[in-house]
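A.B. asks: What follows is the residue order along each chain.
Protein chains: 2
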Amino acid sequence: MTSSKPLVIFMPSGRRARVEPGVSLLEAARGMGVEIESICAGRLTCGKCKVRIEEGVFPKHGLTSSNDHLTPASQAERELLAKMGDADCRLACSAYVQGDVLVFVPEESRAHKQIIRKSATERVIEVKPAVREVYVEVDKARLGEHRGDWGRLQDALAEEWGLTDLRIDLPALRKLQPALRQGDHKLTVVLWQDREVIDLHPGYHEGAYGLAVDVGSTTVAAYLCDLRTGELLATESMMNPQVVYGEDLMSRISYAMMHADGVEKMHKAIIEAMNKLTARVAKTAGVARRNIYEAVIVGNTTMMHLFLGLDPRELGGAPFALANRDGMDIKARDLGLRFHAGANVHILPAEAGHVGADNVGVLLAETPHLHDEISLIVDVGTNAEIVLGNRERLFSASSPTGPAFEGAQITHGMRAAAGAIERVRIDPVTKTPRFKVIGEERWSDEWPDDPDEGAEFQPKQLAAGICGSGVIEAVAEMFLAGIIRPDGRFEPDLKSERVVWDGVRPAYVLATANQTATREPILVTQEDVRNIQLAKAALYAGAKLLMNRAGVNEVERIVLAGAFGSYIDPKHAMILGLIPDCELDRVYAVGNAAGDGARIALLNRDKRIEAQRIVERIRYIETAVDPEFQEEFVAAIHIPHASDSFPHLAHILPDPPKPSRSRNGKNRKRRKNRQIANHGG
Amino acid sequence: MTSSKPLVIFMPSGRRARVEPGVSLLEAARGMGVEIESICAGRLTCGKCKVRIEEGVFPKHGLTSSNDHLTPASQAERELLAKMGDADCRLACSAYVQGDVLVFVPEESRAHKQIIRKSATERVIEVKPAVREVYVEVDKARLGEHRGDWGRLQDALAEEWGLTDLRIDLPALRKLQPALRQGDHKLTVVLWQDREVIDLHPGYHEGAYGLAVDVGSTTVAAYLCDLRTGELLATESMMNPQVVYGEDLMSRISYAMMHADGVEKMHKAIIEAMNKLTARVAKTAGVARRNIYEAVIVGNTTMMHLFLGLDPRELGGAPFALANRDGMDIKARDLGLRFHAGANVHILPAEAGHVGADNVGVLLAETPHLHDEISLIVDVGTNAEIVLGNRERLFSASSPTGPAFEGAQITHGMRAAAGAIERVRIDPVTKTPRFKVIGEERWSDEWPDDPDEGAEFQPKQLAAGICGSGVIEAVAEMFLAGIIRPDGRFEPDLKSERVVWDGVRPAYVLATANQTATREPILVTQEDVRNIQLAKAALYAGAKLLMNRAGVNEVERIVLAGAFGSYIDPKHAMILGLIPDCELDRVYAVGNAAGDGARIALLNRDKRIEAQRIVERIRYIETAVDPEFQEEFVAAIHIPHASDSFPHLAHILPDPPKPSRSRNGKNRKRRKNRQIANHGG
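If you read the protein sequences in the order shown, they are chains A and B. If you count the first sequence from 1, position 508 lands on 508 in the numbering used here, and the numbers rise without skipping. For any residue, its number in the numbering used here is found by taking its place in the second sequence, counting from 1, and adding 1000.
Excised from the complex, chain A in its bound form (with noise of 0.2 Å):
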């Protein structure tokens, strides 16, 4: 027999080495770099470090293993693993190698969990949170040993897991003493950072738990994850408080200016809000605020400004200065947060002027800079924030839309509630449209005729308006029916009952007076066409602009990012010419990706850097003064476009578009434009 050092092998990673007989499995995997997790560092206490010794010959991996190749478990062991229904496992910090072993570390077992974010390409993230709870028995005070309490802690955090030049949270200094003596010096310590205690529990203790927020505009997202698994708990919104103060941006940013208070105010309204938010996401997964000790926190810049009560009137107009562009860490209770005492809340950085934190958010989420391809991301709202990039070289923008996507400044607009039309389709021949409306099920052609039939045939829900999507779809699908010409003009030639003329200005009749709540048919104007050409052209140009920087003639992947973004149809924008043309499968809609990415923040540390790094990389363009913006800006109004191709739509598209546009050509097709904005002003 030789006496060669017993083999140890970790699946399902594969890694293998011959270790020292006598080593923990623990220490073997560690020394392998199989991270197997563990919170109590082998004292028995959190069973979180269980493995499973596949027994038998294994020829394919040269060994034979066996549960009698490890010293047998100790009573306390086998108590342990009872009590957590693993009788057959063990734990891997009390297991010593004595000869050769297969071992088995099952998911929950793996050091850094994974989580799969719902996404347009599936996600995978490492959970490597700021936050972590260490279990460590510290020293008793003796006579003759001056160190005090703090620095025996240290002491002991040092040797048990390496961590020094740690800080002490003043919260957490007042609780050393008595947590240390309730039990009996053993502590379940909260670090932050692996430089500041932040907090700590007599004993073991488990749980501990951070909150990421989206704050919007007009909405305000929490989700609250377990910041050991990664697990999303709960998820609550709420209305932003601060819509009293103006409905968009630019009118919270003059409440701020007109009024003394207004900063104030509104940093107060938010910072309540958070508060109230906080409590139902931690009542709904039944979780103490206290025990909540991180939050990291995204929004628009004006958002931003106003959580950290800073006065956004430099946002007001150019050159847009913000006060902080960094990503930052606050004490929550600096702000007024009702976290844990010693919670801390991260601010991920902006880009600059109008594209905050929340597209970062988005960034981290749908990572652009990490990948080959050429993405294209768009996030529309009354700003549409653009990114263009790969990980050569990423360009963003915030471009104009307006709030017409809103179904604001259209004539039966309304916002995306029970009601609205959402889907449009129309008939090319017959001209004749058909519809869905929020909160009814059938098609509007399926809906009875005969307003006398039977109740329960009825539709739940009569038309009411139109929302951003539906209107979308109208256009796109007015245009293909020849209803509307490439330059939006009403086709005079035309005639169908479906179109009214009031003098000159034409009007198409989507809902007849029977289908709608109101009884008065819901059209879509000659202006509402104007209106969505506008918005869809000052979101193009955007993303043109973006594609001539980064010298580019297509994108390989858009995505469509928000809440909007999530209901519009992807054939539809690109027929409307909304966004360029691109593979129709390519085309992701990912919703609330802004607080994916905020998520993803508060579950990795890392990416807290990678944020940063990216804002510093990212080349900003500013469109408002851009002269090149108001010529794509003009281009871009035709429907779907004065001179760019989709080739991707030629199946679809009633003319041929125009030839692809060249470097050549282009003074021509710019003269083109000014031809075609003439017209069409």
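Among the hints, erroneous ones may be present.
[As the list claims (entries may be wrong)] Result set (DSS-like, lysine-lysine): computed pairs, CA atoms no more than 27 Å apart in a straight line:
| no. | chain 1 | residue 1 | chain 2 | residue 2 |
| --- | --- | --- | --- | --- |
| 1 | B | Lys1495 | B | Lys1436 |
| 2 | A | Lys331 | B | Lys1265 |
| 3 | B | Lys1331 | A | Lys331 |
| 4 | B | Lys1460 | B | Lys1431 |
| 5 | B | Lys1331 | A | Lys265 |
| 6 | B | Lys1331 | A | Lys268 |
| 7 | B | Lys1265 | B | Lys1276 |
| 8 | A | Lys268 | A | Lys186 |
| 9 | A | Lys331 | A | Lys283 |
| 10 | B | Lys1268 | A | Lys331 |
[What the hints assert, rightly or not] Covered by chain B, per the in silico footprint, the following chain A stretches (three or more residues, Cβ under 8 Å):
| no. | segment |
| --- | --- |
| 11 | 143-149 |
| 12 | 172-184 |
| 13 | 553-561 |
If you are wondering where the hints come from, they were derived from the structure by calculation, not from laboratory data. For glycine and all other residues, C-beta sits at the position ideal for the given N, C-alpha and C.
Could you slot chain B onto chain A? The hints should help.
C.D. replies: Relative to the frame of chain A, chain B by itself:
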């Protein structure tokens, strides 16, 4: 003519170098390590860098110096100098070298000013505070440049002052944008530890103040300083309001243990007191509280626990575990202290158990660790803190002297207030005393015998009791006059009208009935003598224990710290055997050295590091459990001592003391000590 570079010499340091023509005097000075103050970094705003050019031929220095060897002063420089009344000076930042110059740097222009501490030996303190103001001009925001105002300020601070890795406190960030616009992008920035921006002012601003506070069990003393000049602007003190919860440390610790809200109440009381004291000291100095940017706090360990809101119960019994021994920085707002919103509080470290930050303050002021001579430093109170050592080694101890020195446990004892007998002399032949009371200038033997004599001749203040210094002198003089024997017992054979016997309990009549306010005589009883013996023995034994540990037979310097120490007459203290033998003129009373130490740490941030090093170096000896302490205590009950010699008192003491203790004679002496103990018990 040679092309050698111009020679620049700075006086009074005499530093010299040849420099490139065209460099400013300020740059030249920095290159040579000559520190010239400058706040505005050459903006012709602060005028702090004024220098005088010595005109004439200086053969000793080997140059001809002339104002013409500098570029002429600009209009702006001339105006600023005229406004300052220094028309004959130049500003070093604006005078560029073109030829040889001899430059005199006036005291007020030297960057690190020095202040003199009233002390045993006068001490010079380099002013190098943690808080400083710097003036910067920040780039204006412009389109296409997106760092944010804080980013631009960081760039300006890096470029003009070499400051990097700065963070900004939230209250300062909130002021940033308005201050920039108000000050036309010129700012004065208040920095803490060159790490954090804690405040800012539009334009040029001067005025950063700091507070040093000594939190005593009885008295809280505050010192307000100008952080730029080091000047002490005002001193105020008040009663520690915690006295209502207990006179001494142990009763306050008991209060904390007996009442659930005890810690909270005492914490709030001291914070409120400190806020009141701050308001008073600021008013006296004419300084706004919002311009107080830092405080350094010292106090005994119980006071520091309560100041921080920490439960002091662990200090109530062995092993006397401190919550924290280290120095700490805490935001003043987290303690409820009303300084500037961004101000920090620095806590000096403690040594151990009951030897706290106040003693560390004493060491910073007295610097035994920087000298070769062996110092013994004694801070007398209910507990005496004792430090012994020099640059090579340091020992400390706390000795339970009890309250006798404060006039408690003395039949006619009282605090050092009006009417207290503070000085005593006894005629060795007649045994008649004379004394001095607080509030009356004349010694008692000059008081008229006849109470009917004119009121203008009567003492302003009759005797009301004996204070600590008085009782020390009384007992020492009684010993010198042969009224009591070395073992403290009254001489049984002495016949004197001044010694009265109440059965077997003798007493000495220090003041007769007609010398006292109560018309009752003031006595020093056998029990009083015994209590003073126990107190002084505890102190001496502590000092002796440290001398034994240090292996030294004599000390070269004795420092009596604390208010009480100021009133003790060194000779009588030594006759009594309160302190070991030493040259009498090497015994110093230094007053509130703890407060001085706090002030030193406030004015010089390096001293905080020094304090931490002291604490890590000093060896704390636990007297309470040391058998050797008990032995030394017993031997020290004798007046002046059972075995130690006092060669410096040879001409005064009645009996030649026993031969100096030697290593060989130790056991013999110990036996002897035990016998004495049996007698004296």
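A.B. asks: Run every hint past the structure and note whether it holds.
C.D. replies: Results of checking the hints against the structure:
With a C-alpha separation of about 25 Å, the suggested pairing of Lys1495 (chain B) with Lys1436 (chain B) holds against the 27 Å cut-off. Between the alpha carbons of Lys331 (chain A) and Lys1265 (chain B) the distance comes to roughly 25 Å, so the proposed pair stays at or under 27 Å and holds. Restraint check: the Cα-Cα separation between Lys1331 (chain B) and Lys331 (chain A) comes to about 11 Å, which is no more than 27 Å; the hinted pair holds. At roughly 26 Å between alpha-carbon atoms, Lys1460 (chain B) and Lys1431 (chain B) fall within 27 Å of each other, so this suggested pair holds.
Restraint check for Lys1331 (chain B) and Lys265 (chain A): the C-alpha separation of about 25 Å stays at or below 27 Å, so the hint holds. A distance of roughly 22 Å separates the Cα atoms of Lys1331 (chain B) and Lys268 (chain A); the hinted pair therefore holds under the 27 Å criterion. Simply put, Lys1265 (chain B) and Lys1276 (chain B) have alpha-carbon atoms about 16 Å apart, close enough for the 27 Å limit, and the pair holds. Proposed proximity of Lys268 (chain A) and Lys186 (chain A) is contradicted: the alpha carbons are some 40 Å apart, above 27 Å.
A distance of roughly 23 Å separates the Cα atoms of Lys331 (chain A) and Lys283 (chain A); the hinted pair therefore holds under the 27 Å criterion. Proximity of Lys1268 (chain B) to Lys331 (chain A) is assessed by CA-CA distance (about 22 Å); at most 27 Å being required, the pair is judged to hold. Counting residues of the segment 143-149 of chain A whose CB falls under 8 Å from any CB of chain B gives 7; the rule of at least 3 is met. With 5 residues having a Cβ less than 8 Å from any Cβ of chain B, the segment 172-184 of chain A passes the three-residue criterion, so the hint holds.
Note: the segment 553-561 of chain A has 0 residues with beta-carbon separation from chain B under 8 Å; the three-residue rule is not met and the coverage is violated.
When held up to the earlier numbered hints, the structure conflicts with 8 and 13 and fits the remainder.
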